[in-house]
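Asker: Protein chains in written order, with the working numbering: chain A, 1 to 279; chain B, 1 to 210.
Wrong hints could be hidden among the right ones.
Unchecked claim - Covered, in the sense of this in silico footprint (three residues per stretch, anywhere, with C-beta under 8 angstroms from a C-beta of chain A), are these stretches of chain B: (1) 4-16; (2) 113-124; (3) 177-186; (4) 194-202.
What the hints assert, rightly or not - Interface residues of chain A toward chain B, partial, derived using beta-carbon atoms under 10 angstroms: (5) V165; (6) S167; (7) T203; (8) Q218; (9) A224; (10) V236; (11) G237.
What the hints assert, rightly or not - Calculated pairs, BS3-like style, for lysine-lysine (alpha carbon to alpha carbon, straight line, at most 27 angstroms): (12) B:K113 to A:K149; (13) B:K57 to B:K83; (14) B:K113 to A:K181; (15) B:K83 to B:K56; (16) A:K149 to B:K56.
None of these hints come from the bench; they were simulated from the model.
Note that CB positions come from ideal geometry on N, CA and C, so glycine has one too.
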Amino acid sequence: MSAGAGERLARLDRRLIFLLMGLVVLVPLLVPIDLPVVVSEETRDFYREIESLSDGAVLMLAVDYEPDTMAELDPMTLAVLRHAFRRGVRVVALSLYPGAPGIAQRLLTRAAGEYGMTYGEDYVYLGYNPDWSGTMLRLGESIRATYPKDQWGTATRDLPLMAGVDSYEDVDLLVSINGSKYAEYWAAYAQARYGQRMVSGNTAVMAVFIYHYYNTGQISGFLAGIRGAAEYEKLVGLPGDGTIAMGSQSCGHLLIVILIVLGNAGYLAARRRGTGGRA
Amino acid sequence: MQVSTDVGIWVGALGTLAIFSFLYRENPVFRLAEHVLVGVSAGYYLVQYAYSGLVKKFWYPLTSEHNYWLVFGGILGAMMFLKLNRRTRSWGNIPVAFYVATGAGYLIPSVMKSMVLLQVEGTIQNPFAEGRTIGEAATVLVILAGVVCTLVYFYFSARREGVVRHVSRAGILFLLAGFGATFGYTVMGRITLLIGRFQFLLRDWLGVGG
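For reference, chain A alone in the conformation it holds in the complex (with noise of 0.2 angstroms):
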C-alpha cells in the first residue's frame, strides 16, 4: 500500500465505516445466509445436561438480564424453555435482576404456550428477589421461605410444582441465564456450598470468564453469546433468531478483519512516510 492511499484510509471518515458495518448486517436479515454451525464441546455439555433430565425433573432457571442484552440472551433462554417443555422437564423461573420479570414472563408465556403448559404445575415464575448473594444462599436452605409469593402474589406453598420442591435438593439443574458475572456467582454459593449442579448461557463478553469454572466443572456447560445460542438451536433442533442472526454476525466479523487489516496498513504506510497517522 502507498503512504499516500495509507493517509487516505487513515483519515477516512468514520460514518462510513458505519454505514458499511449497518449494510452487512441488515442484508443478510434480509437475504438470509445458510451457514454451516459448528457445535463446541461447551454447548454439547449444555445440551447433554438438559437432554439427560427426565420427564417430571425439576430446572430452576436464572433469568438474570435486562434488556440490553435481550438480543443475545432471549434466543438461549427461549431454547431452553423449548428444550425442557419438549422434554417434560418442570421449570421454576425466578429472576435477580430488577429489569427481568417482564423479559422471563414474556418468554416463559410463549414457550409455555407452545407445549400447552400449565402455570403451577409445569412451569412457575417466583419473580425478582432482592440481594442476589442471600437469595442464591437461602434458595438452598428454603425456596418457598425465600419467595413466599410468585410474581403474581399467589403463596408459593399453594402451586402445585412447588409441593415438593424446596431447596437444591430438588432441583436437578439450574440454568442461569446471564449478562454479568452472575453464572460465577451461582457458582460460587449454589454449586460450590450445595452441591448444585448447573450450566450457564452468558453474553460473549462475559464468556471468557466462564472457561476457568468449566474447566474445574463448577459449571457443566455453557453458551458462548449468540453464536453459542446458534449451536444448542441446532441440537435442539429448532431454529431460531441465534441462528437467524449467524449470517449477520458473520458478515459483520468479515468486516472488521478486513478494516483491521486496512487500518493497521494504512497506519504503518503513514508512519514509514513519517507523518504519522491515526490508528
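Starting from the known structure of chain A, fit chain B onto it as the hints suggest.
Answerer: Below, chain B without anything else, positioned relative to chain A:
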C-alpha cells in the same frame, strides 16, 4: 410487509432511530431520546426496588404476618441515612459494620472454595494422568504455563533479566492472547446488539421477515 399498529412498538422504533442518529452527528433528537431513556430507567428501578425491597420484603410480612423481627432490620436500614448528616455520620457506621460482617461471614467460605481453591486445583493438574488424550495434556500444560508466566510478569520485585525476562515476555504473549480473545468476544456481542435492533425494526415494527 405489515407495519405494526402497537403504540409501544412505535415508541421503541422511533427511540431506536433517534439513538442511531448519533452515528451521523450529535443532535437534539438523540439528546431527547437519551434523556427519556435515563428518566424512564431511573423511575422503573426506583419503583422496582421500593416495591420488592420495602413493600414485599418488609411492610407486608410485618403487617400481615406480624414478623416483628423485621423491625430490627428496618431500624438498621433507616440508620444508613444517618450517614448523610455530618453530626450523625458515625451512627451510620453501625449498620454498615453489621452488613459487612454478616456478608463476609456467609460469603467468604463459598468464594474461597469456588474462586480460589478449586481454581488452583484446576490449574495444577497432571497432564499425564490416565485417560488423557494428547490434546487434553497439551491444554493442561498451556494453562499451567500461562498462569506461571503471567504471574512472573506481574512480579515486580525481581530484575527483568535472564530467565525472568524470557518468562515475563512469554507472560505478555499470554496476556495479549487473552485480550485478543476478549476483544473477539466483545465484537461478537456488540454486533449481536445491532442485529437485535435491526430484527426489532424489521420484524416487530415493519413486519418484514419471519
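Asker: Compare the structure with each hint and give your call.
Answerer: Okay, the hints, checked on the actual structure:
1. 4-16: violated (count 0)
2. 113-124: holds (count 7)
3. 177-186: holds (count 5)
4. 194-202: This one holds; 7 residues, not fewer than the three required, reach chain A with a Cβ under 8 angstroms.
5. V165: violated (21 angstroms)
6. S167: Not OK, violated: A:S167 not within 10 angstroms of chain B, min 16 angstroms.
7. T203: Where the cut-off is 10 angstroms and the nearest Cβ of chain B is about 5 angstroms from A:T203, the hint holds.
8. Q218: A:Q218 check passes; min Cβ-Cβ to chain B is 6 angstroms, inside 10 angstroms.
9. A224: At about 7 angstroms, which falls below the 10 angstroms cut-off, the nearest Cβ of chain B leaves the hint on A:A224 intact, so it holds.
10. V236: violated (18 angstroms)
11. G237: violated (17 angstroms)
12. B:K113 to A:K149: violated (32 angstroms)
13. B:K57 to B:K83: holds (23 angstroms)
14. B:K113 to A:K181: holds (17 angstroms)
15. B:K83 to B:K56: Holds, at roughly 25 angstroms.
16. A:K149 to B:K56: holds (9 angstroms)
In this structure, the hints that do not hold are numbers 1, 5, 6, 10, 11 and 12, in rising order.
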